[in-house]
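There are 4 protein chains.
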Amino acid sequence: MSSTTDPTGPEADVPQLVERTREFVRTEVLPVEDRFDGDVTAAGGDDLRRQLQAGARERGLLTPHAPVELGGLGLSMVGRARVFEAAGTSLFGGLAINAAAPDEGNVHLLAHVATPAQREEFLAPLVRGDVRSAFAMTEPAPGAGSDPSALTTRGTRVAGGWRIDGRKTFITGADGAGFFIVMARTRGEAGDRGGGTMFLVPGATAGLEVGRHVPTMDRSMVGGHCEVTFEGVVVPDEAVLGEVDEGFRYAQVRLGPARMTHVMRWLGAAVRAHEVAVEYAVARRGFGSAVAELGPAQQLIAENEIDLAATRALLDVACAALDAGSAAAQETSIAKTFGGEAIGRVVDRAMQLCGGLGVSADLPIARIAREVRPFRVYDGPSEVHRFAISKRAAKAARGRLSS
Amino acid sequence: MSSTTDPTGPEADVPQLVERTREFVRTEVLPVEDRFDGDVTAAGGDDLRRQLQAGARERGLLTPHAPVELGGLGLSMVGRARVFEAAGTSLFGGLAINAAAPDEGNVHLLAHVATPAQREEFLAPLVRGDVRSAFAMTEPAPGAGSDPSALTTRGTRVAGGWRIDGRKTFITGADGAGFFIVMARTRGEAGDRGGGTMFLVPGATAGLEVGRHVPTMDRSMVGGHCEVTFEGVVVPDEAVLGEVDEGFRYAQVRLGPARMTHVMRWLGAAVRAHEVAVEYAVARRGFGSAVAELGPAQQLIAENEIDLAATRALLDVACAALDAGSAAAQETSIAKTFGGEAIGRVVDRAMQLCGGLGVSADLPIARIAREVRPFRVYDGPSEVHRFAISKRAAKAARGRLSS
Amino acid sequence: MSSTTDPTGPEADVPQLVERTREFVRTEVLPVEDRFDGDVTAAGGDDLRRQLQAGARERGLLTPHAPVELGGLGLSMVGRARVFEAAGTSLFGGLAINAAAPDEGNVHLLAHVATPAQREEFLAPLVRGDVRSAFAMTEPAPGAGSDPSALTTRGTRVAGGWRIDGRKTFITGADGAGFFIVMARTRGEAGDRGGGTMFLVPGATAGLEVGRHVPTMDRSMVGGHCEVTFEGVVVPDEAVLGEVDEGFRYAQVRLGPARMTHVMRWLGAAVRAHEVAVEYAVARRGFGSAVAELGPAQQLIAENEIDLAATRALLDVACAALDAGSAAAQETSIAKTFGGEAIGRVVDRAMQLCGGLGVSADLPIARIAREVRPFRVYDGPSEVHRFAISKRAAKAARGRLSS
Amino acid sequence: MSSTTDPTGPEADVPQLVERTREFVRTEVLPVEDRFDGDVTAAGGDDLRRQLQAGARERGLLTPHAPVELGGLGLSMVGRARVFEAAGTSLFGGLAINAAAPDEGNVHLLAHVATPAQREEFLAPLVRGDVRSAFAMTEPAPGAGSDPSALTTRGTRVAGGWRIDGRKTFITGADGAGFFIVMARTRGEAGDRGGGTMFLVPGATAGLEVGRHVPTMDRSMVGGHCEVTFEGVVVPDEAVLGEVDEGFRYAQVRLGPARMTHVMRWLGAAVRAHEVAVEYAVARRGFGSAVAELGPAQQLIAENEIDLAATRALLDVACAALDAGSAAAQETSIAKTFGGEAIGRVVDRAMQLCGGLGVSADLPIARIAREVRPFRVYDGPSEVHRFAISKRAAKAARGRLSS
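From first to last, the protein sequence lines are chains L, U, R and H. Numbering follows the numbering used here, with no gaps: position 223 of the first sequence is 223. Numbering follows the numbering used here, with no gaps: position 212 of the second sequence is 1212. Numbering follows the numbering used here, with no gaps: position 41 of the third sequence is 2041. Numbering follows the numbering used here, with no gaps: position 95 of the fourth sequence is 3095.
In isolation and in its complexed conformation, chain L is listed as follows (with noise of 0.2 Å):
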């Protein structure tokens, strides 16, 4: 492991690609999802993944952030904030060039850590998109959650290999993935520290059930955040990902990034909701003047370029602090958290900023608030971000104390 992140490969162009990605989704992308409100389910599920990764791979852009050898355009994190940013003006877009959470994240992790072997079999065709994947931390109360040393699932030694016990929820993607990434505890009891492992379990395994669909508000990601079951799943030691117990050191190689792809993602959808209520306010008249000459418009326009301004900022320092290989623990809790809440208000102002119209489905900010509020709890909801923050800088400051 030797570094984080992969350096931008020789292919990428990124303004450019940023350019054409803008593009295909408008063109491609954009429509379907105004034309199902942004449903995925609705919209075709798997299918439409297919479907739309097949224009991106027409036009290369597929799975852009994959190591160049596996026929990705080996994007480093800068590199990839501003074109995810771009997928993410609409909410299939990330899914559309195959950098969709959690399959994006799968890719950055199994890139770093996996065998060969694991690369040949998992890896590869993920690159590809031939299936989907899953990452299965999350537990039901009280297991793993904000909290990951309340890790609970089991993984007990058996011969040639191990089996997995345990229940998960909010497992996203869960649901036709072709494998999971799961995290069972090989070491120690729940409120232990470490002791975490990695296993690598296709989907048709015995003894993994995907049960019900957690019904959460967002409705943009295939798969669905699910309920799984794991009863006696037996894999073979070559699905052990790295090193046994090591589970949780290899999370934080993929959590950090993955949260900041997840930014760049809502970051776009928090651009379009602002573009499309700017337009709405210079276009629209009210009080004698453009709805966007008014004092309180103008107000809510400022902000939103303030926060979108702020987040893209936030995002590019903890990029490069991961691109140069840190870990970055500080710079990706600050741009999650920041960057979280801002994209929340953007959408909330420039709904408002529409009136009546904002609160309705004949445009879309109604639907993209609806999918980026949860994402103020996914992936260490804000609260935990800031306790973590508050902690490093106490740290810091006691260093400074005792020098």
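In short, the hints are calculated from the structure, not lab data. Check each hint, because a few of them may be wrong.
[Stated by the list, open to error] Label pairs and their in silico Cβ distance ranges:
| id | chain 1 | residue 1 | chain 2 | residue 2 | range |
| --- | --- | --- | --- | --- | --- |
| 1 | R | K2391 | H | E3341 | 31 to 39 Å |
| 2 | R | D2039 | U | E1341 | 36 to 44 Å |
| 3 | U | E1189 | H | L3401 | 24 to 32 Å |
| 4 | L | H213 | U | G1288 | 27 to 35 Å |
| 5 | L | D362 | R | G2399 | 44 to 52 Å |
| 6 | U | S1402 | L | A283 | 39 to 47 Å |
| 7 | U | S1402 | L | D362 | 45 to 53 Å |
| 8 | U | A1327 | L | G211 | 54 to 62 Å |
| 9 | U | R1212 | R | G2399 | 44 to 52 Å |
| 10 | U | R1212 | L | G211 | 33 to 41 Å |
| 11 | U | S1402 | H | R3187 | 33 to 41 Å |
| 12 | R | D2165 | U | G1288 | 38 to 46 Å |
Heads up, the beta-carbon is just placed ideally off N, CA and C, and yes, glycines get one too.
Assemble chains U, R and H onto chain L, guided by the hints.
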């Protein structure tokens, strides 16, 4: 029009009424709301309305704001504040006691302005819950919206009556309404102040057509928010509500109190979201203690308590002023603006407090969030109220300077 | 201790009293404040106090909260709310009517707890304005502060009385105080709940030494905020205020109302800042219109109107509860927290509205900002109140769950 | 005027320079600031300036933004960002390295616009710290302020030169300035856009009178913020800076970068307040743990970390754009607006974190709060920047709609 509100009738023991209303809602109304995720159409629409109102009628809880002589309890605005809040703890609660918008405001308006014949024909059945009604003022751009003087729908004198032509939109409850109170311009041109007249138009009148439901994010209002067309609709002279050309004045009679009752009901919804969330937080554990004992959770809970208390306090100030016969323009603007925003914040924090469950339909919070959001736009967006609040403060300052 | 507040005495016509108080402040007090930029020491300290109080006495405005039999007007908490707000429109107004902290709260406390002899010796001269007093509870770290149970100052039994040893800090009005109400631990150890006793200690007692004035940013309090040392201070048994070991209970008698009267006075200060700023904004022109007609100015003005109204409304709710005999812990915490922060926001917006003048001593706003800021820390910082507010909400939720 | 900024000169190793600047400030500058509570006049005014600058000169830290050929280090805007932040950790730090307003901006402006003779006469001594300077643009109402087109000071052609007549106010550093850059109208009338000319006027010129210091709340600027009168001030043709009638254009050359360097310095001040507060919070105990471990403290600390990071990130985006030769109007407006407000929030939270000590002069925070507050007004209030930010966004939306 001697005063804008009725004194609370002698039958009303408000605290006991609150208790009984909340109990009725808890046992009879909430289970239906929860079963259908607050979607009133899925839950039965007018059939559900009749069934719930039968229960309220039986318990003496129906139309408590209506005049005593028509079978109501003659609640003052202050009396309504607590009762409607109790009803509002279910999204269907206002409907259940026949105090939902727009009927509640129409009862209020008719009780103040209608002739005896109009009371008999329109008000009495509305109070009994025999029919629903609509209030047709808002028009598609560039017509009457936040700026009512932009009114374009025409009322033209014809022999023995009036002909009404125009288009309305966002007409709550239009689909299935027994009658409409229609605002039409009988003098001047769009942009002129004054010159509006209110007409009582039965739903079955020729030329009145209810069109598309605007696909808004909320789903708890029977009859939707519709586009309505008036083409050569002819009504007799007796259909004029109050005086010709005085419609904007009556709109004020309706709007101040109607804004307050909106706040009351949504406050109840926010109270439910908050209570559900705090109950979750005391029951759920994380990071080694009950969630409710964690600093960030305590922050969210305390902020909610403050916002709820402030909304209630401002509401009572405005209601007392209305009960005293004041137009209470500043007080109602302040209570609507603060309350509308505070209610949104409370529900959002409740959602955040519950993490993944908060954004799912497993708890009622996400649904409440969806319902209350448009209230920052409906009945005067915050921005328009702030403009008016500021104008009045500036006028007062000019008065001080010139004295 | 039959009730925590007095009913407003028969002499009090509150609206008229408000009018006269505001007029007195406008003509007699504000000119002094303005001349000395709110620096009470520069303006004369106790000499100024005596001069202003003479004016108030002459007009029948002195110590309006004191019991009628002692020469006050016996104002209830609700009565005080409007009168103290009127007084607070000058930073010296509370002082002028002998209703400044800490004397006002000490009058309230003594009126409820003092023996007849103590009333004669300590309360009566305080009501007349013959002396000032101090309330000595806060201690330097790690002693009593936000967490009163950390109390370390000792009260030790000696023959015929008590010996007091310890250090206090931030003791408002200490320099020149005629007497101190001192909280000392007579049972248990620092960290234990309970076990405090209040002692009445004349300022001239041997062993009591007033030290350094803590150089706080505010400058309007006569006698400063001082460090005070008690070394072998001996007082007789009659110096015990109320019962031994019951001091923390009496502190609550004092603190709830005292917090509210703080809010009242600072609300008055915020009202002045707001009025000055709106008058500036209607008179000053920019970008082709009066500043008050510009969108951003309207936003600031409206926000201020809302914050002032909400503070007043929450204050009245808490005061009514106190007048009804409730401890009103939740209501006073909410009013203090919201009010303290809202007052700060109002003054800050007023400053912003006036641009360069706002941050200069040419207007009173910068000075008011300096004075009100510490109020978010004094009398329980917002953070401690939020903690308590949240605890009570969690307790209520547990009650609902177990019922 | 080929580019708006200089590339960082070859001498500059920015990280090392930051380190040395911070060390210089810590050991040589902060002790003076602390001793005099940040009051530069009390600390010695120009004598202090000369003493501190001698220390900086000795260490090679003086005027790092000046062109290399004049003895500076030729720092780019991005280079300045970190160095000026390090200097800003003391309120006197900008002064100490000769990078305080308004001299720093005047150096920047003269380096871009001055003739060789003007460079020799005005710029060179300014870079060496031999003199101070002032920038005289703002006028008393109704003249040039937030709206520069209101400029009323006149520049009138006379034989061989110009006569300047008018009144200025809030002229920072005027008292004792060696020369003034004066903006006067040479074409059109107040209210017209354009038509301003900049003149270089030695402080000793007849008719130039420095009047009253505006009594602003800040006290760290040598030479104050003064009223200045120009009555029949006559200057030769060579006193014109750049071209006649092009002054507003040069003002933009100065203002964008000058706004950014303001943010840099105040960011440093906010960093100090934050660091002092977190150190307090880890050392001080309350409620049974270190204050820094309490939920509300963690919230304050995390918010500060986020605000500081976002300010820095936005600053770097704007500086990079300026370095690339862009006018960067949107970027600098956003960084100034967000940064100005965030800096205020950071210092306010730091104050709150330290409780009673925070509002006293025993810590530097209250003093820093006093100094940074006016920055939300100076150099364009947030409200004016938001207006401009919104206008640019609306223009972009119109562009999209018409394409």
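Here's how the hints hold up against the structure:
Hint check: K2391(R) to E3341(H), Cβ distance near 32 Å, so the stated range 31 to 39 Å holds. For D2039(R) paired with E1341(U), a C-beta distance near 39 Å keeps the hint of 36 to 44 Å intact. The given range of 24 to 32 Å is respected by E1189(U) and L3401(H), whose C-beta atoms sit roughly 29 Å from each other. Here the CB-CB span from H213(L) to G1288(U) is close to 31 Å, well matched to the stated 27 to 35 Å.
Range check, D362(L) to G2399(R): about 45 Å between beta-carbon atoms, so the 44 to 52 Å window is met. Range check, S1402(U) to A283(L): Cβ separation about 41 Å, and the 39 to 47 Å hint holds. At about 48 Å, the beta-carbon gap between S1402(U) and D362(L) stays in the expected band of 45 to 53 Å. Between A1327(U) and G211(L), the C-beta spacing of about 58 Å keeps the proposed range 54 to 62 Å intact.
Between R1212(U) and G2399(R) the CB atoms are about 48 Å apart, so this pair conforms to the stated range of 44 to 52 Å. Roughly 38 Å separates the CB atoms of R1212(U) and G211(L), a value that falls within the hinted 33 to 41 Å. S1402(U) and R3187(H) have their C-beta atoms about 39 Å apart, which keeps the hinted 33 to 41 Å range intact. Range check, D2165(R) to G1288(U): Cβ separation about 40 Å, and the 38 to 46 Å hint holds.
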